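So the chains spell out like this:
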Amino acid sequence: MSEHVVPVKIYVTVFVTLLVMTAATTLISGVDLGPWNTVVALAIACFKASLVVLYFMHAKYSPKLTRVVIFGGLFWLAILLAITFSDFVSRGWIT
Amino acid sequence: MSAAVHEPEPPEPRDNYLTSAYGVRSWLLTRDHKRIALLYLASINVFFFLGGLFALLIRLELLTPEGDFVQAETYNKLFTMHGVTMIFFFMIPAIPAVLGNFFIPMMIGAKDLAFPRLNLLSWYIYVVGALFTFWAIVHGGVDTGWTFYTPYSTASSNSHVIATAVGIFITGFSSILTGLNFIVTIHTMRAPGMTWFRLPLFVWSSYATSLIIVLGTPVVAVTILMVFAERVLHLGFFDPALGGDPILFQHLFWFYSHPAVYIMVLPAMGVISELVTTFSRKNIFGYKFVAFASIGIAVLGFLVWGHHMFVSGQSVYAGLIFSILSFLVAIPSAVKVFNWTATMYKGSVSYRTPMLYAFGFIGLFTIGGLTGLFLASLGVDVHVHDTYFIIAHFHYIMVGGTIMGYLGGVHYWWPKISGKLYPEGWAKFAALVIFIGFNLTFFPQFILGYLGMPRRYHAYPEEFQVLNVMSTAGASILGVGYIIPLIYMVWSMRYGRNAPANPWGSTGLEWKTTSPPPTDNFETPPVVTEDPYVYSHEEVEVVG
Amino acid sequence: MADAAHEHASAGTPPGALQHHFESMAQQKDAASLGMWVFLVTEILFFGGLFLAYMIYRWANARAFAHASLHMDIALGTTNTAVLIISSLTMAMAVHSAATGRRRLLIGFLVATMILGAGFLGIKAVEYTDHIHHHLFPGPGFHYPVPAEAKPAELFFSLYFAMTGLHALHMIVGLGILTTLLLMARRGRFTPEYHTPVEISGLYWHFVDIVWIFLFPLLYLIGRHLH
Chain A
796 MSEHVVPVKI YVTVFVTLLV MTAATTLISG VDLGPWNTVV ALAIACFKAS
846 LVVLYFMHAK YSPKLTRVVI FGGLFWLAIL LAITFSDFVS RGWIT
Chain V
13 MSAAVHEPEP PEPRDNYLTS AYGVRSWLLT RDHKRIALLY LASINVFFFL
63 GGLFALLIRL ELLTPEGDFV QAETYNKLFT MHGVTMIFFF MIPAIPAVLG
113 NFFIPMMIGA KDLAFPRLNL LSWYIYVVGA LFTFWAIVHG GVDTGWTFYT
163 PYSTASSNSH VIATAVGIFI TGFSSILTGL NFIVTIHTMR APGMTWFRLP
213 LFVWSSYATS LIIVLGTPVV AVTILMVFAE RVLHLGFFDP ALGGDPILFQ
263 HLFWFYSHPA VYIMVLPAMG VISELVTTFS RKNIFGYKFV AFASIGIAVL
313 GFLVWGHHMF VSGQSVYAGL IFSILSFLVA IPSAVKVFNW TATMYKGSVS
363 YRTPMLYAFG FIGLFTIGGL TGLFLASLGV DVHVHDTYFI IAHFHYIMVG
413 GTIMGYLGGV HYWWPKISGK LYPEGWAKFA ALVIFIGFNL TFFPQFILGY
463 LGMPRRYHAY PEEFQVLNVM STAGASILGV GYIIPLIYMV WSMRYGRNAP
513 ANPWGSTGLE WKTTSPPPTD NFETPPVVTE DPYVYSHEEV EVVG
Chain W
25 MADAAHEHAS AGTPPGALQH HFESMAQQKD AASLGMWVFL VTEILFFGGL
75 FLAYMIYRWA NARAFAHASL HMDIALGTTN TAVLIISSLT MAMAVHSAAT
125 GRRRLLIGFL VATMILGAGF LGIKAVEYTD HIHHHLFPGP GFHYPVPAEA
175 KPAELFFSLY FAMTGLHALH MIVGLGILTT LLLMARRGRF TPEYHTPVEI
225 SGLYWHFVDI VWIFLFPLLY LIGRHLH
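Chains as they are written, first to last, in this note's numbering: chain A, 796 to 890; chain V, 13 to 556; chain W, 25 to 251.
Note that these hints are calculated values from the structure, not bench results.
Just so you know, these numbers come straight off a predicted model, no measurement behind them.
Be aware that a few hints might be false.
[Said to hold, decoys possible] Simulated pairs of lysine to aspartate or glutamate, DMTMM-like, Cα-Cα distance not exceeding 20 Å:
1. K804(A) / D154(W)
2. K432(V) / E21(V)
3. K855(A) / E223(W)
4. K524(V) / E21(V)
5. K524(V) / D543(V)
6. K294(V) / E542(V)
7. K524(V) / E542(V)
8. K859(A) / E223(W)
9. K432(V) / D27(V)
[To be verified] Far from chain A, by Cβ distances over 12 Å, these chain W residues were calculated:
10. I131
11. T153
12. G189
13. G200
14. R213
15. P241
[To be verified] Output of the computed footprint for chain V on chain W, the stretches with three or more beta carbons under 8 Å from beta carbons of chain V:
16. 48 to 60
17. 69 to 82
18. 154 to 166
19. 170 to 179
Don't be surprised by glycine CBs; every beta carbon is placed ideally from N, CA and C.
The following block holds chain A by itself, in its conformation from the complex (with noise of 0.2 Å):
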């Protein structure tokens, strides 16, 4: 596997974004959209998520297994979360 030095000033504009992004989903999270908030904030959190995957990680320069393997466990998260919502949300169920 050749190895990859990743330049610093890569790290430091994902830093700097990743705090930009910070301040911004705190800023955001006072606006009331209603039930978009939820979504915004999860969008912020997910892109945030994937620049420390891809580039602290370095995701984006290991081999394909290592992004089968970062998709397989969300995939899995997401069948555990999804079905067990399902029945939940099909239920009626009120506390």
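Keeping the supplied structure of chain A fixed, place chains V and W upon it in accordance with the hints.
Chains V and W alone, transformed into the frame defined by chain A:
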């Protein structure tokens, strides 16, 4: 076969993994995957017989309709401890940690697993977890059922829930690390020429099993943590008083525990593929179908957990989806059964002990699997849920299936592991006793369940007694059947005939090295040039 | 046979770095990297169970959860998020330093990461103490200012303490790992050809940061738009 006696007994190899170092420290601090496999063999056998002891006590109580042997609360503890010890401390680790550990590196042509020290740590973690649970057992046990359903386990039970839960939690990490080790090993340490489609099918099943382990076990781990937090720290997750849902526990629990049954059966299926090809002297029918069926079982197995919850209060719509998916998951298993059968067709079949176990597996697993289809039907399950029908169903798969696969594998590879031959006559006898004892124990339970006898009750209506007595008689015979191999295997280590490198005339890299193997498995690292299971049509003397 | 492969290990590889059962440094590195990624997948599923509980109970008690979230200290939470992001940068820089053979920088960045990690835990300790003083720890001592929402609020705080507590435990383990790396770095164990432990520890540290990236909005920010 007496023809084999003409072969002179081979000398013991001068230096092998058993003789390379002596003393307790050389075993307790070993990094050799083969020695670690034997450490596991010893430990899981202890828990197998402990679990069997609980089974014996259960069956003694059920000899009579009245609850006259033990009190109800004690009975609850007996079936709980039977389930916990058998599932978490025997069935889940057995084939992977013993046969997988020993043979995966050899089958792929490697010197060891990817992470030998992690492998040893896995064993120590297993032992620590086992000790926690053992502590709980001797201090009065647990009475929640191995399923630990809330709110009983979190709020009401006065038994040692925490100690047992902690024990299972810890041992779960042993399982996770083993699965992780296998995945990395199979991906990165195959010998030159060992492509994915030249791997023995035991490696494919072990790989699929490892996928299930790393994806499912963490979920039951966090679930146990949540039970712990609720019981000890009074955090609320499943507490209806706070608006929590006990059924959420069941979702989290079964998300792992259904795939767990595939952790238990897939490795055994891998063993059967090896046995059927060797003892039919024939290539597997449909190699890729069998290989992909293992992956299919692993994937589909994660989508069906709600079939344990049809009557729990889960939504009917979820139940419908889980029911359909549960029918689907039977398909890859059926593919395997058909392909093993087709492999034997026009093969040169020999009836050695390992093959007897393979026959037993195929027949009994099929019965267990078919009854699983009955249970996948919502309408049927509503009536037989929590009855002895369920108990019979899973014991046919777990005991008639997995344990037969385990015994078949241990017998098949015993010459390689120990350098000795077990006594074939006694082995065949034990296999027969086990087969008879097993069916006498569990077939009546299908009938009992269908007639309505509930599980987890220490007393029952009088009309069920005859079948219960048959079942207890069968269990006694089965118990004797399991003790016989323990005796002759140990005997063979000292007094058995030396085994040649390849007593069965089998293909596979593990048979190309000495019995027992050297510490590094091979004198020279192998290079693979042909497909697995390439058998010639000439007659070969099968020793033993 | 195997010795030849070991001799071919490049001059920059410290003696004994290639373990006996591997054929090459590349194979060893691939194995270590894949092993850590597979471990992180188990961690995704491990935290996933708690995220499932959060998702369901928040869906069923949206308003009460939002109100309960207002008891979080937004300044401390945002600060902690920034602290972890900075620590991810320093960790990435530590790996970079190891890959370029700069031992002093490696040590410096490892120390910086540890200080930031400890700082995070310190702030969390302050938060926990504050919550406990306000009777917001679930159980018999739980007391909530809005009785009508007390039960779902107790669910919220159960999830809060469980999720951030589990996260904090992972941070503590991370600090232990960094300490080990620091000791190894000081002894000159890492070179551009061999610094795999630093890389895979970095993967772990970044993962723990990612968990917090999700915990922060889900626990601290869900009620702010209601004001």
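So, going through the hints one by one against the coordinates:
1. Taken as a hint, the K804(A) and D154(W) pair is broken in the structure, with Cα atoms around 40 Å apart against an allowance of 20 Å.
2. At most 20 Å may separate the alpha-carbon atoms for a hinted pair to count; K432(V) and E21(V) meet this at roughly 10 Å.
3. Between the alpha carbons of K855(A) and E223(W) the distance comes to roughly 15 Å, so the proposed pair stays at or under 20 Å and holds.
4. Only pairs whose Cα atoms come within 20 Å are accepted, and K524(V) paired with E21(V) is accepted, the gap being roughly 18 Å.
5. For the hint linking K524(V) to D543(V), the alpha-carbon distance of about 15 Å falls within 20 Å, and the restraint holds.
6. For the hint pairing K294(V) with E542(V), the CA-to-CA distance comes to about 15 Å; that is within 20 Å, so the pair holds.
7. The hinted pair formed by K524(V) and E542(V) meets the criterion: a straight-line CA distance of about 14 Å does not exceed 20 Å.
8. The hinted pair formed by K859(A) and E223(W) meets the criterion: a straight-line CA distance of about 18 Å does not exceed 20 Å.
9. For the proposed pair K432(V) and D27(V), the alpha carbon gap of about 15 Å is at most 20 Å, so the pair holds.
10. Look at I131(W): its CB is around 17 Å from the nearest CB on chain A, clear of 12 Å, so calling it non-interface holds up.
11. With a minimum CB-CB distance of about 23 Å to chain A, T153(W) clears the 12 Å threshold, and the non-interface call stands.
12. The claim that G189(W) is not at the interface with chain A holds, since no C-beta of that chain comes within 12 Å of its own (minimum 20 Å).
13. Chain A leaves G200(W) outside its interface by the beta-carbon criterion, the shortest separation being 20 Å against a cut-off of 12 Å.
14. R213(W), annotated as away from the interface, keeps every beta carbon of chain A farther than 12 Å; the closest lies near 17 Å.
15. For P241(W), the non-interface assignment is contradicted: its Cβ lies about 4 Å from the closest Cβ of chain A, within the 12 Å cut-off.
16. Using a Cβ-Cβ cut-off of 8 Å, 5 residues of the segment 48 to 60 of chain W lie near chain V, which meets the minimum of three, so the contact claim holds.
17. Beta-carbon proximity to chain V at under 8 Å applies to 10 residues in the segment 69 to 82 of chain W; the threshold of 3 is reached and the given coverage holds.
18. Closer than 8 Å: that is the beta-carbon criterion, and the segment 154 to 166 of chain W has 3 residues meeting it against chain V, so the requirement of 3 holds.
19. Note: the segment 170 to 179 of chain W has 4 residues with beta-carbon separation from chain V under 8 Å; the three-residue rule is met and the coverage holds.
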